[in-house]
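Q: If you want the building blocks of each chain, they are given just below.
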Amino acid sequence: MIINHPLLGPRDAAEFYYLGDASLLDRPDWQAPDAADKFYEYQYLRDNAAGEHRELWYHEQGDRSWLIVTRDTLTHDITKVELAHDVALAKQADPANTGREG
Amino acid sequence: MSQRMRINGGIVDRSKPLSFEFDGKQLQGFAGDTLASALLANDIRFVGRSFKYHRPRGIFTAGPEEPNALVQLRRGPYQEPNTRATVAELYDGLHAASQNYRGSLNFDLMAVNDLFAPFLSAGFYYKTFMWPQAFWEKVYEPAIRASAGLGRLSGKDDPDIYDKGFLHCDILVIGAGPAGLMAALTAGRSGARVILADEDFAPGGRLNAETHEINGGDAQGWTASVLSELKSLPNVRLMKRTTVYGAYDHGVYGALEKSTDHLPMSGGKPRQILWRIYSKRAVLCAGATERSIAFGNNDRPGVMLAGAVRAYANRWGVAPGRNVAIFTNNDDGWRTATDLAAKGVSIAAVIDTRSGAAPADVAGATIAMGASIVDTKGRKGISAVTLSNGTTVPVDCLAVSGGWSPNVHLTCHQRGRPDWADEIAAFVPGKDLPVGMSVAGAAKGALTLAACLQEGAKAGAQAAQDLGLTASMAEIPEASDEASAITPFWHVTESKGRAWIDLQNDVTAKDVQLAKREGYRSVELLKRYTTLGMATDQGKTANVLGLAVLAEASGKSIPETGTTIFRPPYTPVPIAAFAGRSRGKDFRPTRLTPGHEWAAEQGAVFVEAGMWLRGQWFPKPGETHWRESVDREVLATRKSVGICDVTTLGKIDVQGRDAAEFLNKVYANGFAKLPVGKVRYGLMLREDGMVMDDGTTARLSENHFVMTTTTANAVGVFRHMEFCRQCLWPDLDVHLISATEQFAQYAVAGPNARKLLQKIVDPEFDISNDAFPFMGCGEITVCGGTPARLFRISFSGELAYEIAVPSRYGDGLIRALMAAGEEFDAVPYGTEALSVMRIEKGHPAGNELNGQTTARDMGMGRMVSKKKDSIGSILSERPELNREDGLALVGFRPVDRARQLKSGAHFIPKGKTPSLENDEGWMTSVAYSPTLGHSIGLGFIKRGSDRLGETIVAADPIRGESIEVEIVSPHFFDPEGERVRA
Chain A
1 MIINHPLLGP
11 RDAAEFYYLG
21 DASLLDRPDW
31 QAPDAADKFY
41 EYQYLRDNAA
51 GEHRELWYHE
61 QGDRSWLIVT
71 RDTLTHDITK
81 VELAHDVALA
91 KQADPANTGR
101 EG
Chain B
1001 MSQRMRINGG
1011 IVDRSKPLSF
1021 EFDGKQLQGF
1031 AGDTLASALL
1041 ANDIRFVGRS
1051 FKYHRPRGIF
1061 TAGPEEPNAL
1071 VQLRRGPYQE
1081 PNTRATVAEL
1091 YDGLHAASQN
1101 YRGSLNFDLM
1111 AVNDLFAPFL
1121 SAGFYYKTFM
1131 WPQAFWEKVY
1141 EPAIRASAGL
1151 GRLSGKDDPD
1161 IYDKGFLHCD
1171 ILVIGAGPAG
1181 LMAALTAGRS
1191 GARVILADED
1201 FAPGGRLNAE
1211 THEINGGDAQ
1221 GWTASVLSEL
1231 KSLPNVRLMK
1241 RTTVYGAYDH
1251 GVYGALEKST
1261 DHLPMSGGKP
1271 RQILWRIYSK
1281 RAVLCAGATE
1291 RSIAFGNNDR
1301 PGVMLAGAVR
1311 AYANRWGVAP
1321 GRNVAIFTNN
1331 DDGWRTATDL
1341 AAKGVSIAAV
1351 IDTRSGAAPA
1361 DVAGATIAMG
1371 ASIVDTKGRK
1381 GISAVTLSNG
1391 TTVPVDCLAV
1401 SGGWSPNVHL
1411 TCHQRGRPDW
1421 ADEIAAFVPG
1431 KDLPVGMSVA
1441 GAAKGALTLA
1451 ACLQEGAKAG
1461 AQAAQDLGLT
1471 ASMAEIPEAS
1481 DEASAITPFW
1491 HVTESKGRAW
1501 IDLQNDVTAK
1511 DVQLAKREGY
1521 RSVELLKRYT
1531 TLGMATDQGK
1541 TANVLGLAVL
1551 AEASGKSIPE
1561 TGTTIFRPPY
1571 TPVPIAAFAG
1581 RSRGKDFRPT
1591 RLTPGHEWAA
1601 EQGAVFVEAG
1611 MWLRGQWFPK
1621 PGETHWRESV
1631 DREVLATRKS
1641 VGICDVTTLG
1651 KIDVQGRDAA
1661 EFLNKVYANG
1671 FAKLPVGKVR
1681 YGLMLREDGM
1691 VMDDGTTARL
1701 SENHFVMTTT
1711 TANAVGVFRH
1721 MEFCRQCLWP
1731 DLDVHLISAT
1741 EQFAQYAVAG
1751 PNARKLLQKI
1761 VDPEFDISND
1771 AFPFMGCGEI
1781 TVCGGTPARL
1791 FRISFSGELA
1801 YEIAVPSRYG
1811 DGLIRALMAA
1821 GEEFDAVPYG
1831 TEALSVMRIE
1841 KGHPAGNELN
1851 GQTTARDMGM
1861 GRMVSKKKDS
1871 IGSILSERPE
1881 LNREDGLALV
1891 GFRPVDRARQ
1901 LKSGAHFIPK
1911 GKTPSLENDE
1921 GWMTSVAYSP
1931 TLGHSIGLGF
1941 IKRGSDRLGE
1951 TIVAADPIRG
1961 ESIEVEIVSP
1971 HFFDPEGERV
1981 RA
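Read top to bottom, the protein sequences are chains A and B. For reference, each letter of the first sequence is one residue, going 1 to 102 in this note's numbering. For reference, each letter of the second sequence is one residue, going 1001 to 1982 in this note's numbering.
It should be emphasised that the hints constitute simulated quantities derived from the structure, not laboratory data. All of these numbers come straight from a predicted model, not from anything done at the bench. Hints are supplied without guarantee of correctness; some may be wrong.
As the list claims (entries may be wrong) - From chain B, some residues computed to sit far from chain A (all C-beta separations above 10 Å):
#	residue
1	1342
2	1723
3	1739
Unchecked claim - Here are the computed lysine-lysine pairs in the DSSO-like style, where the Cα-Cα straight-line distance is at most 27 Å:
#	chain 1	residue 1	chain 2	residue 2
4	B	1156	A	80
5	B	1377	A	80
6	B	1156	B	1269
Just so it is clear, CB atoms sit at the ideal spot from N, CA and C, and this is done for glycine as well.
Based on the provided sequences and hints, a complete structural model is requested.
A: Structure below.
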């Protein structure tokens, strides 16, 4: 697979470390009254999408950027690649913005 | 016997005779021969035994699809089993041997299997070896293993080298037949960067095997002129002997180049190269493969595919027989008759399953239209065929054509499915091709030369235009659309003899019918039950025929029956090629510390720690057992001073205005208030509450920290911290960089550690106990101005420091330390002594931080701050992780002090049987403590901290040693920690 890095252009998937679902950006508030439940869900519950999937890739053999790659798990078609840092900043500015479209 | 079957013509170089050996016989061939063509030239047709029944088998094809002629090439460590003779390029001195027999090829003891054939039908293994169950391991499996497998590996290290390479191109053209040549030419002329890869050593594809004319001249001449133009284009790379074996995501293709397989010795060059080709567009021109027809005893040596018979005559100037019959269901089969007849080979008969007028006139041949062959005769080669009309015709070669199947394999590697095309009775590429791929020529179902040339040019131009290049359709060379009409015919049902479908796996039409009757109606199940289409040829000549017979048995059409999925590789790729240079010690990089050379000079015994080599102990003359060295190193360190290379610990530089806040979030214990000039032990959890890693972090200035991690977790911790920084807390002003390789670091431990250091630390730096107390740190200079960092931390439990210098001074520093330590009898110590001392102190390490243990288990539960947000703190509070009877890390010593503890032993209450229900924990680390004079251990046991003084059994049933142990505090040595503060 080839991932089109937003800063470095197309790079081979072998340069990356794969983590998983990009929902890991949505870390719950530790002070919420139901923090224990929220952290449990955050840590263990994942959607196993057959189709579009936003996921975290780490450019370990490169510039060490964490990327959010939107990939179709059925075709491996990659439609979007973002810097996770940018997405996380936008989410902080507007907590309702999960980065997902629609 | 000198090439008595050689006839005129062909593209072999008769001026270059080559000698080779087959089954001990010295033979001759010519440059340009394959092993198969050279064997046929020498009238050798019986070349191997079949897999299951050990039937005599001959050369069946002239290409990579060969199911029968698998041979062993080369000798000794170079030996290579299961090589297809049809693609092995002949060289002078080639040594080849047939395989899969006991005794000799001619008198194979295993041929008795053929007599038991009625008992060896489809699913035989599944039905027979089920009972009694106990027989499987001792009787069945060894027997099956002894009789299975075709060739043999040498069992020795392969002395050749294999390499890997990466290539980038705009357009990859796969196959250099007429379509591929035209595609490459059109794309190449547009200026695109083109790679043209062909598995053969002579590009041209079927043009080499036919008597076609192009532009009024012979096709070989046209091929040569195209190749010469392609070679003149700097943007085109022609790769011969290169098989594109797999289509992967996003235009990535795998290819195997057999760079020196055609030479007697590789001469230091790679034998094979595994290429990864990155392409923007790919044009698949992989051609088509001919298939057989199922009829009685259609497997004897001398029965060949018609296209192959023609190829041997036209390309290699070899007559596969003196008296040839052709059995066909299509016009193409007739070309074999006319081509061979034109070369003076006698054609005995042409049998066509179609009724009507004969498509051609073949002098001297019996023509039977609307007829078929029901049986063949002969023992180790065909001697006659019996026709459906009852007549028997003596022949020594039978050319069979069941039609041509486009090589759609690569179009299906991304789960695409082929479509059925009635007009050619074959599967053609489906609509869902891999992204960027187009198909042209015979691979797409265009089975005539004119169509191949036209389609290739079009596909090449289209690919170039897709990339924004200007491509004009090259002038399409003139060629004819040769006759290729076919009426599907698969199986001569009136045959009584076994009708073979898959020659490599000995699958017959009857096996397919039986499997269907037993319920294996899905083609995927049929494949696995009968083994149809498995092994080295992956059923290239058999799959469609097998499907047709299954369809016939189920009363369905072939497209309704479906097809199995094609997966990479297209043809076998040696594991050596996948391994490339990553063999033995080069499997992965070896990391050496700057002090390595010095340690080697001291005779250090090294141990692998991840990729690192670390000194394990430093034996002195006269020491015969590692324990002697380790005990000495521990005692000398505790008595005076020892020095240990700790460079391999991960070092992470953390800087920024929010560095303290960041560390406060990644560590479970507090870091926000760590003063400048101090070091703190840090405990890092995973988000699930388990311990991830531990280490120390020093605050060098307000906004500058240096963290250490364990050697094993250095990469993972850094990755995790980058995740935290970029994904969780993007607003924090903090930056990380791994500095593991940038600093050499040594631990200096023991009562004389300070005195030793004072000799090399420059005098302006006061490191007295008051000025530089326990857990102090600072930037200093040593040896007259060399920059260094000093940390007063201790893993050994002694007065100890770790001193770091830029890597380039690492070698100098260890020499300076040892020289300064001479008056104190300083010793270097290795990882074993390090481990003994940390166990004596009860410090957890890798065996305890195994990813399944919590801070509470480690006795550090209270370190997890509840007053702040940190990774893992919430989930560490889960009830199950905080059970009253949870595990706790404690120490153990044998009741009988002379006994030795073993790590991995499980704790069982006295008098109870060792079982899962009675299991209370396990021993994680053990050592012989030279300080205490007996064996000591650390381990996790339920409610451990409340049970000090209790005696329990450390059960070790696997090693047969169970001993009584006493539960004690994990702090065996200096429990008050007075020495570290001295």
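Q: Decide, hint by hint, whether the structure agrees.
A: Hints, one by one, checked against the model:
no. : hint               : result
1   : 1342               : holds (51 Å)
2   : 1723               : violated (6 Å)
3   : 1739               : holds (14 Å)
4   : B/1156 with A/80   : violated (49 Å)
5   : B/1377 with A/80   : violated (65 Å)
6   : B/1156 with B/1269 : holds (20 Å)
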